[in-house]
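J.: Below, each chain spelled out in residue letters.
6 protein chains.
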Amino acid sequence: MNLRALVQAALDEDVGRGDLTTDACISPDARGHGLVLAKQDLVVSGHSAAAEVFRATAERVGGVVAYDVLVGEGSAAPRGTHISRVEGTLKTIVIAERLALNLLMRLCGIATHTRRYVDAAAGRLQVVDTRKTTPLLRQLEKRAVVHGGAANHRFSLQDGVMVKDNHITAVGSLTEAVRRARAANHHLVRVEVEVRTLSELGEALSTAADVILLDNMDDETLAEAVRQARSTRPSVILEASGNMDPERIERIRDLGLDLVSAGGLIHQARWADLSLKLQ
Amino acid sequence: MNLRALVQAALDEDVGRGDLTTDACISPDARGHGLVLAKQDLVVSGHSAAAEVFRATAERVGGVVAYDVLVGEGSAAPRGTHISRVEGTLKTIVIAERLALNLLMRLCGIATHTRRYVDAAAGRLQVVDTRKTTPLLRQLEKRAVVHGGAANHRFSLQDGVMVKDNHITAVGSLTEAVRRARAANHHLVRVEVEVRTLSELGEALSTAADVILLDNMDDETLAEAVRQARSTRPSVILEASGNMDPERIERIRDLGLDLVSAGGLIHQARWADLSLKLQ
Amino acid sequence: MNLRALVQAALDEDVGRGDLTTDACISPDARGHGLVLAKQDLVVSGHSAAAEVFRATAERVGGVVAYDVLVGEGSAAPRGTHISRVEGTLKTIVIAERLALNLLMRLCGIATHTRRYVDAAAGRLQVVDTRKTTPLLRQLEKRAVVHGGAANHRFSLQDGVMVKDNHITAVGSLTEAVRRARAANHHLVRVEVEVRTLSELGEALSTAADVILLDNMDDETLAEAVRQARSTRPSVILEASGNMDPERIERIRDLGLDLVSAGGLIHQARWADLSLKLQ
Amino acid sequence: MNLRALVQAALDEDVGRGDLTTDACISPDARGHGLVLAKQDLVVSGHSAAAEVFRATAERVGGVVAYDVLVGEGSAAPRGTHISRVEGTLKTIVIAERLALNLLMRLCGIATHTRRYVDAAAGRLQVVDTRKTTPLLRQLEKRAVVHGGAANHRFSLQDGVMVKDNHITAVGSLTEAVRRARAANHHLVRVEVEVRTLSELGEALSTAADVILLDNMDDETLAEAVRQARSTRPSVILEASGNMDPERIERIRDLGLDLVSAGGLIHQARWADLSLKLQ
Amino acid sequence: MNLRALVQAALDEDVGRGDLTTDACISPDARGHGLVLAKQDLVVSGHSAAAEVFRATAERVGGVVAYDVLVGEGSAAPRGTHISRVEGTLKTIVIAERLALNLLMRLCGIATHTRRYVDAAAGRLQVVDTRKTTPLLRQLEKRAVVHGGAANHRFSLQDGVMVKDNHITAVGSLTEAVRRARAANHHLVRVEVEVRTLSELGEALSTAADVILLDNMDDETLAEAVRQARSTRPSVILEASGNMDPERIERIRDLGLDLVSAGGLIHQARWADLSLKLQ
Amino acid sequence: MNLRALVQAALDEDVGRGDLTTDACISPDARGHGLVLAKQDLVVSGHSAAAEVFRATAERVGGVVAYDVLVGEGSAAPRGTHISRVEGTLKTIVIAERLALNLLMRLCGIATHTRRYVDAAAGRLQVVDTRKTTPLLRQLEKRAVVHGGAANHRFSLQDGVMVKDNHITAVGSLTEAVRRARAANHHLVRVEVEVRTLSELGEALSTAADVILLDNMDDETLAEAVRQARSTRPSVILEASGNMDPERIERIRDLGLDLVSAGGLIHQARWADLSLKLQ
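Chains as they are written, first to last, in the numbering used here: chain S, 28 to 306; chain R, 28 to 306; chain L, 28 to 306; chain H, 28 to 306; chain Z, 28 to 306; chain C, 28 to 306.
To be clear, the hints were calculated from the coordinates, so they are not data collected in a lab.
C-beta: ideal position from N, C-alpha, C; glycine also.
One or more hints might be untrue.
Claimed, not checked - Okay, the calculated beta carbon distance ranges per label pair: (1) H:D39 x Z:T224: 52 to 62 Å; (2) H:G229 x C:Q35: 47 to 57 Å; (3) L:Q35 x H:K66: 29 to 39 Å; (4) H:H109 x R:Q306: 49 to 59 Å; (5) C:G107 x Z:P105: 35 to 45 Å; (6) H:D95 x S:D56: 49 to 59 Å; (7) S:D56 x R:D300: 47 to 57 Å; (8) R:R223 x H:Q295: 55 to 65 Å.
Can you make the complete structure from the sequences, with help from the hints?
T.: Structural data, given as structure tokens:
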């Protein structure tokens, strides 16, 4: 579901056949402008979505709206900053307002929350997201993660191979599971395998896996795992996951890992506080 | 977008043409079962969505899954409880897992968060949600609010008339805005009007508005507003909004209001912690 | 199904892959203009639909058409009047003609037929439509009713609460049915209940129903019902229905009713006679 | 738009997210049955559409309904006859009722109205419909025409070649227009050409046209036209149109025409009177 | 599926959420131009499809492209000729290239292959295609056949009546099958019947069939069939099919047939060799 | 576009509103069975598509069909073999026949053609396809390649990173283009870079590219390229492309390459000869 389709479906949801109040009260010709105000310190994300909401609403109700960015995506906006400005037919602005804000508040919330993880990593390792995202909003949320300064893991189950415990159990052995995953996929994808113990790590290092996910290890085990992996296969890519919050990232950022993945970038973020004030 | 279409689009997003790993590792015939575990105290919501995810995934990949509810929607599940059980083709379960959990975690999170507001209201007034919902998930999120014990406000702009400051400004007077809204709509909808001061309230009470929203008033003004309204039009419906959290609801629950509306039921909720353990 | 989608589907139906005759005979570059002629006295409706037909056909076949309104929607056009004018690529006009006329004839037919009911009401009560409309054309037909001078009842089952005999039978009592309908719905919708006897009316008046539908009563009963209702609850909204044609409306218009609803506005209307003459 | 898609769109229109009243009042488990009653003499059409409405509604709201035909399509049903019976979950029946009846009333209305034309023709010539049909209902309406005893003309602009006055004007000559239409189309379609005078008829008879439409001629001219055509090209197919009602058909049925086409079969039909009585 | 929908679906297939490489390497602002080069002698077809690919890709990725035709559809282009030129945003051109070429190569391949059959017919009979076309590409492929100089048979099963052996077997007799096919269809379609022997031909000639398909006869039988048919019903349309390649067409072109149909026009064509060179 | 949607669209194309002939001639109740016959030696592919065609047609026309595989996908079927059997309602089989065969003929044609390349490779290197596929049929055609014994390259532009000459030109250097492609993409995809000379190869070997495509080199250059690559980076994956037909593959199969890619597997394949004989 691309942005255009998503916004159409969201307008169907929030507007339906029409806004009973605005249709009764606001003339199609009246014009106005407004400013989107950050009511808290935040990192900006969601302008492309908000702009599409105003564009699509204008098309629907027969108006026009220009959406001008004042603070770009990925930039910090202190409380009290205006991050964008809309100008056009008042009716369009009033009808589009709620959906545009719902998206901006969610996405700024994620970018703002992600920034804390990234600051904790201090550039020593890369912070990446997971597939724990709001259904249908994944593209927008993953872009918000990038605006927050982190990077993206695979987008979906079709975009990368990751052998997890369920696959290993089903196949009967980690080695065989990796072998099958490698054989079944084309040569432009890598294979990642998840391990939870040093013993599993040992087995993983002798397979063709390109990436190893060290899942749910405590700090000491994690440190030992990195040492063993680096001594056996220096170029293997090492990712860690499991309860990764800024505090823990700060503790483990110098162990020699390549990446940490954290679902919390997205699912522990709350909506940022924003409003649209008509002038 | 009904539940069936939503789940199809979400599977397109998360699975796409197929799960590169599971297709390689798990036989279409292998079967298994698993339990959805509450890893925190929570109020349950989302079973219908999760069941549809497993059903639709099974249809897509050619498997079968039964989804059995163990703790019903609206019930509390203490940490450690199994809230549902899935049984069927292993491949289906593994592919559907992430989307099912993403929905359950979001919806249980909302139901759990809402319950705190409802407890604070102690039955003295009704707690209702707003249109601050995640785009495309509104039906599910509003149902989660009900599972949490609160009620729903209008679903969308087409489901109720609410005259807000922007409408009043556009029309030039509160009285005239209410008149137009009433005249333009059929006789089975009520008209609500938003006021922010006692003076606006006075004007609103002399219109045909059925419901008055007391927005962003401090506790004292709110008390006075209720008194004035009740003395003038005893049967008018009174709703309050603005920074409504459980603490404030507890303070104002005995003022004589009919309802408080709070966007935070939904947008301040974090995902509840749940996992699916294959047995 | 919004107007754009409706017209696309209707062009799929009437044009399909292409007009075998016009594609063979008329050059894509040839231009022309034509006038839509009222061949009977009528009230105009359907311009927005007709304009969309020409626009969408032009887009499909690669032409251009301007649709200019000569007599506005809601106005009367005596036989012999031109109500609109089209100008553009001849091929587009010829291909679009049938569908545009099919819509205009149906919608002018309804507006014209409705006007007779409205005239009969002479402003003493409001005439409203029902849900007896042509499937998929409801928005257009309900707008034609407005062009004819009447008003609209609820659009669909989701836009208003109306407790009818089947609901009362299923629940076991009118009072309890109204109670459930009120409890289950948000505070911006009203509840209407249908009664057929004075005894049912008595029960209805003691519920929280905002509107009472007096269905299928003869003129005397209707008069008595209004008297009883007004004496008990002066502000209750009273609607009558059942065989409402202009003659009956004239008879009962001074009884004190608020509204009469009549399916016949739409389903007893015949197509008005219109043609498109190329000049 | 096939029947399944049409009914889905019509349920979106009439039911939307749900029936506010029925959802509140009728338990999903309650069952019932009802009879569809002819409240006037009529010819039956629309069972397949009505059955699909009940089926699709049941699927939507999670119920079951059986639709049993009591009087088949194409048969006459005197006033007071039950033409079908529904049995299943009460909620489904109540929600589906209006749409099912809207379709049955429209389609029985057409079949009933058509039967009068067919009776007038007394088997001496074939009565056929035109493209003057309700947008999106063409397949159902044309089937109703068949149930009424008449036959169908081409379904759409892509299903047959008919050279009309606009085509002739655009090309500059009837002969050349027919030549182009013939040349541009495959060998399994015939070419029909419309003529309004005996002189045009003369020209048409010397082209490769397979069918000639005698449009808007008075009875005498029509008689003369048939004589001239039959003497020149005995096997040419002759169709007449223009103000064809039962009275006129009776007058001209013995002139030697093959067919008369009449838009009025459909657009002059009113809804038949039917109701669904729950038992 | 019209061209616009086809290209959207094909871009979903080939581009999906985005081009991982181009998004990383090419700036949205960079511009370029390129030429489509015929790397073999060919007949041109597919410009409208290629133009739509560039237009739709530009819309998707936010760029602009002009597509200019240098050698028109239906014209021969010797090896080394540039048949079209694209100019616009480089990113759009690079992303659209593969799909545009896939369509052009397929369609030029068909037009080029068809031309050989048409040359063999030397204007003595018409060469037509069949329903053996690539699913979803039928309109484009049938247009390529026209660009190659041949004509089209019926487009689909709904566009013409052809009674084949399976129908005859099901009905029990050729005569009765033709009678039923004639009776069930409107008067603007012809009826074609397939025969395989002279005896079947004899029967077919005494029915109302307008067209007779002489299927899979050897050259001598074919000659005799034409003689018999022409002597009985001079104006019957005669089509031959079965292993029709240019060599055979040359042999039978003077027998007196009206048409030969050949699936091989399309399914024996290979892709023509074309490339897009950025300058 | 998944298989189900593809078949629906293809039935819309080939059947539309209905089969004029079969609807007239074959009773909905008549049953029959038939065998799909290989009229040439071939490798089987397309059963899943054919089965879906029969299933979907049965659903559309209200029949039933069972499709039984006699020779599995990937197996060789000598001329005269029956590869599958259908049994069910005759009407369904007759209407579905053409589309089912169109898919089987195309897909068996590709599998059969691919097998020649694979035989030439003799297991010394892997043969893979390209993105030169028929629009909308890519999944089916790529599966046919697998049935022919070859493997698949990336499915689409979103499934793998391949830096080609246009990207390098746009960026200004191969090294920088690879760097950007690597930086912009997640850690589960590999980066491939295309080189045309030994000098480019030298540059590519010093980047982070995981795979190098040796494009359009003659046999000697290719041999030298493999030597240089293997001596510098033994584990780099080497792919060759450009005019790869079975003869050339046989010549170069022992050079030490990992893969050859050949668009001709698909675009040089002709339809295999198959028929469906009703018994």
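J.: Hint by hint, say whether it matches the structure.
T.: Verification of the hints:
no.: 1; hint: H:D39 x Z:T224: 52 to 62 Å; verdict: 55 Å, holds
no.: 2; hint: H:G229 x C:Q35: 47 to 57 Å; verdict: 49 Å, holds
no.: 3; hint: L:Q35 x H:K66: 29 to 39 Å; verdict: 37 Å, holds
no.: 4; hint: H:H109 x R:Q306: 49 to 59 Å; verdict: 55 Å, holds
no.: 5; hint: C:G107 x Z:P105: 35 to 45 Å; verdict: 43 Å, holds
no.: 6; hint: H:D95 x S:D56: 49 to 59 Å; verdict: 56 Å, holds
no.: 7; hint: S:D56 x R:D300: 47 to 57 Å; verdict: 52 Å, holds
no.: 8; hint: R:R223 x H:Q295: 55 to 65 Å; verdict: 58 Å, holds
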